[in-house]
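Novice: Chain residues, written in single-letter form:
There are 2 protein chains.
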Amino acid sequence: MSDNKKRVYLFGNGEAEGNSGLKNLLGGKGANLAEMNLIGVPVPPGYTITSDVCNEYYELGKEKTIELLKEEVENGVKHIEKIMGLKFGDKENPLLVSVRSGARVSMPGMMDTVLNLGLNDDAVEGLAKKSENPKFAWDSYRRFVQMYGDVVLGMKPENKDDIDPFEEIIEDVKEKNNIELDTDLSVENLQELVVRFKKAIKDVTGNDFPENPWDQLWGAIGAVFGSWNNERAIIYRRLNGIPSEWGTAVTVQSMVFGNMGVNSATGVAFTRNAATGENIFNGEYLINAQGEDVVAGIRTPQQITKEGSLRWAKQQNVSEEVRRSQYPSLEESMPEIFEQLNSVQEKLEDHYKDMQDLEFTIQDRKLWLLQTRTGKRTGAAMVKIAMDMLDEGVIDDKTAMKRVEPSKLDELLHPVFNKVALKSSQSVAKGLPASPGAATGKIVFFADEAEEWKARGEEVVLVRIETSPEDLRGMHAANGILTARGGMTSHAAVVARGMGKCCVSGAGSIKIDYKERKMVADGVEFKEGDWISLNGSTGHVYKGKVETSDSELDNDFAKLMTICDKYTRMYVRTNADTPHDAKVARNFGAKGIGLCRTEHMFFKGERIKAVREMILADDEAGRRKALEKLLPMQRSDFEGIFEAMDGFHVTIRLLDPPLHEFVPKEMENQKEMAKEMGMSLETISEKVESLLEVNPMLGHRGCRLGNTYPEITEMQARAIIEAALNVKAKGIDAKPEIMVPLVGRKEELVYQEKIIRATIEKVFEERNDKIEYLLGTMIEIPRAALTADEIAENAEFFSFGTNDLTQMTFGYSRDDIGSFLPVYLEKNILKVDPFQVLDQEGVGQLVKMGIEKGRKTRPDLHVGICGEHGGEPSSVKFCHRVNMNYVSCSPYRVPIARLAAAQAAVE
Amino acid sequence: MSDNKKRVYLFGNGEAEGNSGLKNLLGGKGANLAEMNLIGVPVPPGYTITSDVCNEYYELGKEKTIELLKEEVENGVKHIEKIMGLKFGDKENPLLVSVRSGARVSMPGMMDTVLNLGLNDDAVEGLAKKSENPKFAWDSYRRFVQMYGDVVLGMKPENKDDIDPFEEIIEDVKEKNNIELDTDLSVENLQELVVRFKKAIKDVTGNDFPENPWDQLWGAIGAVFGSWNNERAIIYRRLNGIPSEWGTAVTVQSMVFGNMGVNSATGVAFTRNAATGENIFNGEYLINAQGEDVVAGIRTPQQITKEGSLRWAKQQNVSEEVRRSQYPSLEESMPEIFEQLNSVQEKLEDHYKDMQDLEFTIQDRKLWLLQTRTGKRTGAAMVKIAMDMLDEGVIDDKTAMKRVEPSKLDELLHPVFNKVALKSSQSVAKGLPASPGAATGKIVFFADEAEEWKARGEEVVLVRIETSPEDLRGMHAANGILTARGGMTSHAAVVARGMGKCCVSGAGSIKIDYKERKMVADGVEFKEGDWISLNGSTGHVYKGKVETSDSELDNDFAKLMTICDKYTRMYVRTNADTPHDAKVARNFGAKGIGLCRTEHMFFKGERIKAVREMILADDEAGRRKALEKLLPMQRSDFEGIFEAMDGFHVTIRLLDPPLHEFVPKEMENQKEMAKEMGMSLETISEKVESLLEVNPMLGHRGCRLGNTYPEITEMQARAIIEAALNVKAKGIDAKPEIMVPLVGRKEELVYQEKIIRATIEKVFEERNDKIEYLLGTMIEIPRAALTADEIAENAEFFSFGTNDLTQMTFGYSRDDIGSFLPVYLEKNILKVDPFQVLDQEGVGQLVKMGIEKGRKTRPDLHVGICGEHGGEPSSVKFCHRVNMNYVSCSPYRVPIARLAAAQAAVE
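Note that the protein sequences, when read in sequence, are chains E and Y.
All residue numbers for the first sequence refer to the working numbering, where the first residue is 14 and numbers rise by one.
All residue numbers for the second sequence refer to the working numbering, where the first residue is 14 and numbers rise by one.
Pulled out of the complex, with its shape left as it was, chain E reads as follows:
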């Protein structure tokens, strides 16, 4: 019945019919096992049935497929028997195999696996005798019957919460015999289990458990193919865009056992240190154990290298004597095996040219490698390993750069909690990891008090239900910010990231009581002044003071950035509103400011009073009077920023938020304001009331302000240009770019342009001096993107404000998304929060259209992005692909953006 098509690929004993190039046919696992054979790594022999057969299985059915496979599979079993010197189903010397799935890409945990296949009432006796360990043999047998029943015969309950029928039997036996742990089951208990398991199978399925190993094998192969279309796998494929035609391969491989006595062992190892990246071979092992024992943590695992073992003993306060007798390294306990393992690990890293994570088993003093894969690592290790391997000549600079995940750089840039300290700390809540880093401090509930406490030398964490621009100075004073409401792009989150300050937002389980100055989290009551710690990288909130340590940027980081600069096409600016932020960003390699928000400056000190005077004024004259007070303050802000960005472009956005953000909403604060301004509370209240809007996001803000109150635009244009001229006189190279926000129609920009250019011409005349400047606009309203060709007639540059553009393209208010976003993510209606990751499909269309239309009018139009997405790697790569000139992001994300931009350029 065969048709000469090759369906089975053998491997073992240093030979293999496949190789790592055949992933599509053999699956990742099968191809890798073949490859390891080819480079001389000892791997338990076996064979792989191709993924093509999976399609045949669904097309032709199980019976036909078995017919097609029969000869080759039998041949494969013979091949394993020969190498291992064992016999499938043999009473004396039984061969046991594993049957595993393996698709082209890894689909962890999605499909089925059967271990210890080949055991039956005969073979178990052989295994017991050969291993001189009846308990091991019977435990293996009962595990196999259970697994076979669950996986192949479909007895695993569909609902996770329902009880597995086999587990029920185990519980019964344990109860009857007063046994607590599975490991305490006796040989007799295990034998009883096998009998009862088989009865359960007969009861449920109506069929006997198959004693014939060939029946077992075909059943398992069919089950693996069948699992390709189980519900979990289908959902996983849909989520990850994996076509169902790919199918899965099936690998049948000899079992090896690390638990066959004192000459057996099992372990895991890393070719380099996964935490630090140091080029030191390391790992752990256990004598007479199974792989899962190393992970389970019941026995203390031993170190593989002597050096590692010595260091471990020192950390754990274990004497050299105890260490040597009870916890010797593999290097000491089985030196020849260690040598073999060491050379294998060198070979593997050499071959795969990346740090490997190995699993090995020593069966009766023979080393078998069960798996090798690229090892996961911390951000620091990622950078160090990539740069070390570049130095070692193993990989080139492009590859080294691509090896670093941009988002992982974040870990390097913010202070972190001491890992040991963390272990003994109590997590009382979990919010969103809004701004990474670690922070500890005393709880303060009010922003002004945070300032006061800080001023008298206290370390504080500001805890608020949510924050607003009025809290800005308090946020600055705090080590970290914790909010009960708000998402990843809430005010607290955005400002904190901008400041590089740790923030946990939206920790909904925390109840804050401002009046009583206390909060309750996980049943624990915290009063003002109590210590608390925040992990902004995980969202965890800890009780008390957890130790932190600063992260230090090393040479490797600098080297990586240099490589980025070599390959990148886009450059990176920063979003910064203060000279301090500008300097931080410049140190991280920012080449200019992409967004300087002028409104944040309005809150500082005396300014807010002048701003409020302007808002309260009844007419233009009154507004002008107040604006005159603001002018010198804004000017001096801009001077500082121009100085910090000497030689680079600084994009300054004109006033954007609605005016009501500058006045207090609470009666208490209005009273205070009335007193301060010498006005009646009624006047203040009326004015505030009249400014309130139903949808402030879509209200009187952005250039709508400057177009209704041109005097505001005049003041800001004057402040910018006077500042530029002032620093020019000091030899500073200021390059101002004036950005008009929230333009939706060309006419809005035209009107602003008229005001700005007229004002600047006046300043030039007054000063008898000039300076180059650019005038452009944010593209943040869908209509602006749709009519970008017209807008580009007047805009000298575009900056995509993808925060607002996302709000309007989706119709999502960032401030209100919390009521449905979690449900949408859970139900997979949204895959990601579009405020974190740019929606390339929808919002991206507008961005692309905006750039193309803009450049149709003005081919050399300089284009950037200044939304939060400018620091998110996949979004940065999108910006590269749509031909932006730069991305702009918060200071602490500049390196991330630089790396992502460079990667995009070489991808």
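The hints are simulated quantities; they were obtained by calculation from the structure and are not laboratory data.
Because the structure is a prediction, the values reported are computed rather than measured.
Warning: the hint list may mix true and false statements.
A pair counts as met if it fits within one copy or between any two copies, since identical chains are not told apart.
[What the hints assert, rightly or not] Straight-line Cα separation of at most 25 Å, DSS-like style, residue types lysine-lysine; simulated pairs:
1) K840 with K767
2) K783 with K455
3) K866 with K844
4) K528 with K700
5) K844 with K767
6) K531 with K700
7) K678 with K700
Based on these hints, arrange chain Y on the given structure of chain E.
Specialist: Frame of chain E; chain Y shown alone:
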């Protein structure tokens, strides 16, 4: 120096070198004057200098242009002299001419005109002698000098508020002589004026007033060309998209005088009645008068026809004796001239095939036509004239249909104020004409009281600062609604238009004091119960009770609609939430419901309680319990609507507004609600607080509700389908379309679809009956339009919600636009309110894209619009052009939409 190019076109005495086809060259006026000559209408002779010369004037300058024109212009003057038997500048028999501009399209009042040109110290004597009227002659002379000084010599002050130097002199002379009216100036006074005017000219310009008529003529021609580029004209052209290259023509024409004695007269006439459309020649005239005297209203004008005169006398209580002696008709006073005029008017209407508005002058028993143009008319007259002319065989049905401006139909559909009553009424405020019609009633400030008052038989007008869904029943009870806040698309405006109820919104000058139950408008205080009247077509608010009359739809209207149906490609549905509205719309020709908003049903009676129960429920079970109460109510609503729309599709939108719209925000109302629900005020307040959103427009609403609370969708789907099956049993042909609102991602629709289809399958099973239904979505979020190809995979129809789409594409909140829209319109940053007129350039791009992408996936996708724009003519025409299948609008706009759709089809 001539170049053989023809620059001047003569006309007069029944001959003309031009015709009405040469508008581009001769301007509208010149072409029309030529045409009138050709059809034998007596027109004062003259000639037209082509608009090409205007360009030459700007290219070559004045001197060169005069050289090029000289021969032809002199020839033209000779031509006039010959026909009139007069001589330019002659002492005995002087020819006077007018010099007027005339562009391709009318630019009323934008450019300059000079009259009585040719007068000088000699000619004035000739005129005095010939007319035997020295005062007429000198008055003409002083007027000419003044006009020449102002227009040609540029002495008219630029700023309107500055005083004209000539007026100053007039005032001085009048004061010195104790004269009040200009008409009382004596010949001597007029002579003094001429002298002093000339001196003023010399003083200001340094030159003498030109006595030579040729100098006068060239000066005037140059001035007219020059006025093409005055600021007013440039702005007007920019606003109306008129290219400056078009230029203006100049027409020089003999002056004729209706004020040369008792054998002279002047008048205006209409070939049909402009108010009613009746085919009756009518008009007014004055003996021995100038055109402006007829309009000025100092003397009582007389009727042209005897029939008109008799009717006038009856209305004015003038006895037949007095009428015949003092106010005889032209038909009686100059029967032969009347006959001539009557035949001219017939000829003109016959020629232009439309109702004409004529100006004529009788000089010394000779009739001259000065102008004819298409007459302005009321909506009713527009329909009647078009249909009459169709019946008369003058025009075909397409032309008749195109003659009616769709927006004018509005006047026919709503009750109107009695015009006479209006004249004696005091307008105390002006707001936006939000919903047309006329309403009178007693002022009531609270919606629930409006209901009570109505119940006890009072006529009320509901006056609110603004309205909310809670006011719905009160709005229904009121004759009209007046609000101090909100635009043309505010809640009050939209709901009122839907109800066909008169509404004036955003009357900002009104101060409303709820506590004192009073309002102040234009200084007048109104208390609760005082009578007030609203004109929803003009926005005027009147004190007291102004009489209204119902408008009646006649056969002409029905005939027009039949013609529309013959030509239209799109059909028209209605936005209706009640059987009553559905019936009204169906009577107006709606073929289905395009938008049935289910939330309006939630406010009626007991329902709001169940809705609030649902909102207050802590869990799904609680919500389901409340929804069960709502189910039968919703079902019975739908039954009524299906019955009213028997045989037509009914698109029902699932719940759309955020839940907080259903709970009271004021403490007082919360207290009441707490009592009603048997819950603590605290619980209510907390819940309301937790529902409030920063930007509700972009918050938890639309399908986001149904996706987070699937049980709401389930209830609504069940109510719709159960209702459809119930009426089916009664023989009604129900065609439900279930519409999911606010979809931005396909996945949102997919999730809703799953719930809806599963629910419906269940209902089908329970009832053992089926019915066809469609499942589609609103396209109202920019992202939906951008990804319409994907959404169409699951949507069986699209309905463009252009209200929300406009909000998000522009980033304008309809509720907050009032703070900048008036400024934007004034500064011409916006040309129109985009919520009234669809922004074809921006929002339209998304609409077009959405339709094209949607049909790429599903070629037969049925597409409509259900935003407010569906009843606005230019927007309806856009919908036709982008290939929508239908538009849907409020019931009272259905005829307008039908007409606009049909016009679009033939355009």
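Novice: Work down the list of hints and note, for each, if the structure agrees.
Specialist: A quick look at each hint next to the structure:
1. K840 with K767: between (50 Å within a copy, 13 Å between copies)
2. K783 with K455: neither (51 Å within a copy, 66 Å between copies)
3. K866 with K844: Close across copies (23 Å), not inside one copy (29 Å); limit 25 Å.
4. K528 with K700: between (27 Å within a copy, 20 Å between copies)
5. K844 with K767: Only across copies: K844 and K767 sit 19 Å apart there, 44 Å inside one copy, limit 25 Å.
6. K531 with K700: between (33 Å within a copy, 22 Å between copies)
7. K678 with K700: Cα proximity of K678 and K700: in one copy and across copies (11 Å, 21 Å).
This entry does not satisfy hint 2, going by the numbered hints stated previously; all others are met.
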